[in-house]
Amino acid sequence: MKKVKVIILRTAGTNCDKETAFAFGLAGASTEMVHINELAGKEKDLADYHILAIPGGFSYGDDIASGKILANELKFKIGTGLRKFIKDGKLIIGICNGFQILVKSGLLPNLSGTFSDIEATLTLNDSDKFEDRWVYLKRVRGQGPKDKCIWTKDINGIITLPVAHGEGKFMPGNADILNRLRREGLIVLEYVDETGKKRGYPYNPNGSVENVAGICDSTGRIFGLMPHPERHIDSYQHPYWTRLKQGQRGDGFLIFKNGVDFAKKHL
Amino acid sequence: MFWRIEVGEKQGSYDAAGEGVKKDIIDLGFKNRVKDVKTVQAYLLEGNLYEKDVLEICEQLLADPVTQNYSYKTPLFDESRYKVVEIAYNPGVMDPVEESAKKAIRDLGINGIRTVRTAKKYLFEGRLSDKDIHTIAENVLYNKVIQHLVKGHSNIPPEPPPYQFKLRHVELLAANDDKLKAISKNGQLFLNLDEMKEIKKYFRKLKRNPTDCELETIAQTWSEHCKHKTFRGLIEFEGRTIKNLLKNTVMKVTQELKKPWCVSVFQDNSGIIRFDEKNNICFKVETHNHPSALEPYGGAGTGIGGVIRDPLGTGLGAKPIINTDVFCFGPPDYPHKKLPKGALHPKRIMKGVVAGVRDYGNRMGIPTSNGAVLFDKDFVGNPLVFCGNVGIMPKGKSFKKTRRGDLIVVAGGRTGRDGIHGATFSSGELTHESKGTSGSAVQIGNPIQEKKLTDAILQARDKNLYNAITDCGAGGLSSAVGEMGEETGAIVYLEKVPLKYKGLNYDEIWISEAQERMVMAVSPGKIEELKDVFERENVEASVIGKFGNDGRLKLFYEGTMVCDIDMKFLHDGLPPVKRKAVWKKQIFANPPAVDKKDFTGDLLGLLSNYNITSKEWIIRQYDHEVQGGSVLKPLQGINFGPGDACITRPVLGSKKGIILGCGINPDYGKIDPYWMAASVIDEALRQIVAVGGDINRCAILDNFCWGNTNKPDRLGGLVRASQACYAIAKTYGVPFISGKDSLNNEYSTGNKTISIPPTLLISCIAVMDDISKAVSMDAKRPGNSVYLIGTTKNELGGSQYYKIRGFAGNDVPKVDAKRGKCLMNALAKAISRGCVAACHDCSDGGMSVALAEMAFAGGFGMDICLDPANASSEQNTLSDETLLFSESNTRFIAEISDENRFLKSMKGLPVWKLGHVRNNTLFTIKNRSKKTIIETDVNKLKSAWQKTFQNL
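First to last, the protein sequences are chains A and B. Add 1 to a position in the first sequence, counting from 1, and you land on the number used in this note's numbering. Add 16 to a position in the second sequence, counting from 1, and you land on the number used in this note's numbering.
The set of hints was computed from the structure by calculation and includes no laboratory data. In this text, all values refer to a predicted model and were calculated from it rather than measured experimentally. Each residue gets a CB set at the ideal place from its N, CA and C atoms; glycine is no exception. All clues given are correct.
Distance condition first, Cα-Cα at most 27 Å in a straight line; then the derived DSS-like pairs of lysine-lysine:
hint, chain 1, residue 1, chain 2, residue 2
1, A, Lys45, B, Lys547
2, A, Lys88, A, Lys78
3, A, Lys130, B, Lys26
4, B, Lys99, A, Lys130
5, A, Lys76, B, Lys26
6, B, Lys243, B, Lys416
7, A, Lys246, B, Lys671
8, B, Lys963, A, Lys130
9, A, Lys130, B, Lys51
Which stretches of chain A does chain B cover? Using the computed rule of at least three CB atoms under 8 Å from a CB of chain B, they are:
hint, segment
10, 63-69
11, 127-139
12, 234-241
Using the sequences and the hints given, assemble the complete structure.
And the structure:
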């Protein structure tokens, strides 16, 4: 059977690369960590991979604004290869800093279809500080074709994942953009309480508009989220696993498996 | 061309940073007087830039199109109704954003950029006078040590003039004793007269005066910070002379225990123990007290940055995987009026230190998972900031060896004037003038530089591209090259060291403690490949010399020799320090006995008290889960109770774990350093056992923080503490693997001196074979029995219960390590058999606090009765007060899921059945006469514990 190849993009300050690779590996993919310099210098070619994962961390120290500098590198240094990658229907996931990078480069939500209009942002948490805490997330069902996001297929009910960021407040550029996101089913994950209700801090850990935690593009193949699915791939990572049944996969694992399974079938 | 760009939030966008500042201002006492605070980020660009370039830089890079506006010709806001303050970094202080911003501008294809500096502007609306603004700026917005208030608009500081080389000698040969002392003092060398005389003798033999560089090199190498003169010198104590206290106590334990899993102890930058078939792990804890007192953010950040480089520079390099942090501060509500001259307020120190560790640790991608925070008024001028780091390395990479002829390579950040005299500065006392005289010893870190460096080093290590590595810490290149070339000698060409800016003289280059640098010894045949690895990660690596074969340290600057000394004299020439030590037990007042029927208020008060209250505000600011290995987190149970120790799986997919715990207690230190040291060893081990660890797999680290040990009474305490380290650790069978001391923790203003309490931090690391056996501290199931394991004694001295009543007392808890060892081994067995559902170390606040914490963490009440029929006879006669609040050592509270098996495991050992977990939220404790002495709800306990630091 074909092996799905995942490129884990890294640069100065990337720091969740190893655990992201581990999660993809567990889901059956082969992974390779590649520095942005290697893509820019054409030593490596995006076309050789099925999935691009941009992991969490502090690329370039969050200097100027989180994700901004690497976002510009995607646009200006590897833009052509990246557009082809997307056109070929390949998959992209951005986690935490990776999500910030996708949004700030215009790859998400990309309502305009140009890959360059900045339509939303992720900005300083309302609390004005970095916070690491576990949150409850609800998978939002789109009103259009169901399960548009291939990454969150079969995620039902409420899941728990940790967030760890200082700049995760999702803000759409304007009300129209927000309406379109909702109408077209591009809002994929929302921060909720344990019963599934949208609530304020600390359930919504950063003050995100309408509790948005993760979004996808109109193809459902490009997905970004602030929480860290790679930090909940087995039960021992849960903050009170000592009170729960052990031995199952964690809630985040399915996201990686969905991506790899989809790539296996379609790419 | 020069451009100034301002970026700020759009009308209607929430300015979270501005709101944060507003809160700090209100804290300062300006309630109801600030209406609005706006923050503006200013970028100062210099270079060959046209307006269209600037426009593009703003649009594509500096301003977020969704939330922000920019302006480059006029100020962003109409400033007429605001008071405006602008703050910029002092010349010579690294601007952390500069490097990334330059890179990002070049990424846009704009190559004319030469310099970027940043400044921060604050706009205040409200009823505030110019004087108020000044007060706010000084207390909240900036620190003179690294920043300044800008008059008018910030400018890019002019480049310093290039350095004109001139070799300088210091007149030592003709100097009399007074002159020698003056040379030491004026040069901030912190050398005593004996040492100065020894140096004079050496140079007399050479028939010449030393250069300034030679004298500095010797001062760095001989500093207390590097040589531990007190611990390794001669001490007269109780009629006998102790030769090398460290060797005779702490190190002796390790030597005598001969644990086969101790791989490398007390010789490298951190202590190494075995982890699994493939890997070893190493651990180091350092202090950064003095820099944190002057500039909390930079001091603590570079503290954690510095200790991360220790495992990275251990053997051939370990990957940093866990950070620890322990802080001692003055009380956050300390009156501003009583603050000693020149000292920063404890609350500001605390916030700055936490932010410093947060920003450095998080950006490095290393989880900060274990720590403690304590408060006492004697830490007001001199806080303690302990930072630790654990690393993991392949077994075969645990040792290094510099070879003759190896090239000396310095990699990482560039060298600047920052951090000059750090090693010697930290070896002296702090005074109210330290800010002015030692400001250059404080720096701001650049964690991304260190992250890149780490990534590059680990790749180079795995390709076997160097033979030895060490960190550039205190003493800079001087210490690093001096250590690595101790046996070979070294030649360094100082002009080859890459500099941040022009103007540094040869001496400054040699002793600068600029951060984020490592030194490697590289075979000439491998240098090209090594450079390639570093270049790919955008890290500079430069050859600056080579290791020799004549045992001499020779330095050149543009062809002229500026230093030529014998490595042997440098490392072994220090005359032993002779000191006197005395110990006399001080007697403290005991509080009057109380005749009370209800202790609910005391329990709630203890839970809210600074030392016991939840540190969630701090813990959540640290990414304690990055790298994906976190198993037991610092906050446990559904209500985030205080975990005893953290557990981490460093190898994803494996069940093998690392447990970290720590023991510290300055309150006991004030009464008797011997029992303080004994207690904190016991505490660190208890924490490991409480989560499912085994004391036979524990290794410990010592960090002594003391006052001025030139004073015999302070030194006497240090001797006693060291003696306890030997006696207790030896009996428990636990080896020390690394340590560090920080002496001279005193704060002087004029003729008044505050000394910190004698404080020993014991950090404990243990290997756990199966993390699925771990136990957390939160109560799990209604109906389960609750036991006290161990024996309570009449030991309220130094307790938190006495402290909140304003007393110290005298009966400080003692340790019976022989019995303790049996007890901990038995409990570990019971836990591994799965009959313990929850376990908690009984420490600060005693049994009542431990029970309460378990109850609210799990969200269940408890029904507790201190029934003597179930207890050992020695506890029968104790008062209610003692039973509730005494902090006797070697005790645990455990919730038992299988009583029969538990009792079998604990046969012959003191266990006391106290009661059970309820199926509701009622929490009650009855005394021996079945009278209720504590009655409350777990939600009340929880909010008492959580409220103190909730709104910092």
